[in-house]
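Chains A and B, in that order, give the protein sequences. Residues in the first sequence are numbered consecutively from -4, following the working numbering. Residues in the second sequence are numbered consecutively from 741, following the working numbering.
The set of hints was computed from the structure by calculation and includes no laboratory data. You may find that some hints are simply not true.
Stated by the list, open to error - With a Cα cut of at most 20 Å, we get these calculated SDA-like pairs of lysine to any residue:
1. LYS66/A x ALA839/B
2. LYS66/A x ALA91/A
3. LYS(-2)/A x VAL800/B
4. LYS811/B x ASN741/B
5. LYS797/B x ASN90/A
6. LYS12/A x LYS66/A
7. LYS797/B x GLY92/A
8. LYS797/B x LYS50/A
9. LYS54/A x THR841/B
10. LYS54/A x LEU43/A
11. LYS12/A x ASP89/A
12. LYS797/B x LYS12/A
13. LYS749/B x VAL40/A
14. LYS(-2)/A x ASP778/B
15. LYS50/A x ALA839/B
16. LYS66/A x GLU51/A
17. LYS(-2)/A x LYS749/B
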Amino acid sequence: SQKIEQNSEALNIQEGKTATLTCNYTNYSPAYLQWYRQDPGRGPVFLLLIRENEKEKRKERLKVTFDTTLKQSLFHITASQPADSATYLCAPEDNAGNMLTFGGGTRLMVKP
Amino acid sequence: NAGVTQTPKFQVLKTGQSMTLQCAQDMNHNSMYWYRQDPGMGLRLIYYSASEGTTDKGEVPNGYNVSRLNKREFSLRLESAAPSQTSVYFCASSARLGAETQYFGPGTRLLVL
Chain A
-4 SQKIEQNSEA LNIQEGKTAT LTCNYTNYSP AYLQWYRQDP GRGPVFLLLI
46 RENEKEKRKE RLKVTFDTTL KQSLFHITAS QPADSATYLC APEDNAGNML
96 TFGGGTRLMV KP
Chain B
741 NAGVTQTPKF QVLKTGQSMT LQCAQDMNHN SMYWYRQDPG MGLRLIYYSA
791 SEGTTDKGEV PNGYNVSRLN KREFSLRLES AAPSQTSVYF CASSARLGAE
841 TQYFGPGTRL LVL
C-alpha cells in the first residue's frame, strides 16, 4: 500500500539559514504533490503544488523539488525567519488519482 | 468571504452520545472533505463529497456518517461516540477532486470520555 514518510522529529535551525524538509513516498507514483503549512490550533494552508513533469517549483523564499526516480520531494525555505516556524505537511496524490494523502508532517523551529 | 467555517470549535462528549459537526464553505466549491488528525498520524480522510448529492467513504469511515446538505454545507455525524474518536476534525473544500488546492476550516477539537 502507498506510504508517505516525513521526518517526525522537529527540525531546529538558526534564523537566516535554509531549512530543508523531506517527503518520501513508496509503492506508487503520484502525478502531483502538494505542500501545506499548519500552525498550532489551525487548519493546514496550501503553499505549493508540483507536478511529476516539473523538477522544481518556486514561490518567493520557498522551493519544492520532485524526484520521481528517488520517490522524494524536498521543501526548502531560504533565509528562514522565526515566523516560518510551523508544521509542514506533504500531500501527494493518492494511488487512485483522486485525493490527497497527507504525511504526518515535520515541525520546523527557526531560532532567532 | 469567510472561506471554510466549522462549528463547534470544542466539544466534550460522553461515550455513546451523538453529535453533528457542521461545515460550510462560501467559495462555490464542488468538493468537500472531512479529515481527522491525531498526533503522529497525519490527516486521515473520513468521508468526502465530490459534488452536491454524492458522498463516498475515505480511509477511516467507520463510526461516522455524512450529509451533503447542499453545495455549501457538509456535516459529519457521530451516532454513538467512542473514546477512539477523540481527535481534531477538519473540514476542507476544493473546486473539484484531483490536483486542486484544498482549503481547510479551523477544526473542531472533540474529546470523548
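- Message: Tell me if the straight-line CA distance from LYS749/B to VAL40/A falls inside 20 Å.
- Response: holds (18 Å)
- Between LYS797/B and GLY92/A, is the straight-line Cα distance small enough, at 20 Å or below? At roughly 15 Å apart (the allowed maximum being 20 Å), GLY92/A and LYS797/B satisfy the hint.
- Task: Decide if the proposed pair is consistent with the structure: LYS797/B and LYS50/A, CA atoms, cutoff 20 Å inclusive.
- Result: violated (33 Å)
- Quick one, are LYS797/B and ASN90/A close enough, alpha carbons at most 20 Å? holds (16 Å)
- Are the Cα atoms of LYS66/A and GLU51/A separated by 20 Å or less? With a Cα-Cα distance of about 14 Å, the restraint between LYS66/A and GLU51/A holds, given a limit of 20 Å.
- Given pair status - ALA91/A, LYS66/A, alpha carbons within 20 Å: holds (17 Å)
- Under the criterion that the straight-line Cα-Cα distance not exceed 20 Å, is the pair LYS811/B, ASN741/B satisfied? Given pair LYS811/B, ASN741/B holds - Cα atoms ~16 Å apart, limit 20 Å.
- Under the criterion that the straight-line Cα-Cα distance not exceed 20 Å, is the pair LYS12/A, ASP89/A satisfied? Violated - the C-alpha atoms of ASP89/A and LYS12/A are around 33 Å apart, more than 20 Å.
- Message: Between the alpha carbons of LYS50/A and ALA839/B, is the straight-line distance 20 Å or under?
- Response: holds (17 Å)
- Task: Given the hint that LYS12/A pairs with LYS66/A, test it: the Cα-Cα distance must not exceed 20 Å.
- Result: Answer violated: LYS12/A to LYS66/A is near 26 Å, above 20 Å.
- Task: Quickly compare the C-alpha distance for LYS797/B and LYS12/A to 20 Å and report which way the hint goes.
- Result: violated (43 Å)
- Message: Hint check: LYS54/A vs LEU43/A, CA-CA at most 20 Å. Holds or violated?
- Response: Given that 20 Å is the threshold and the Cα spacing comes to 8 Å, the pair holds.
The structure does not agree with the numbered hints 6, 8, 11, 12, 17 stated previously, though it agrees with the rest.
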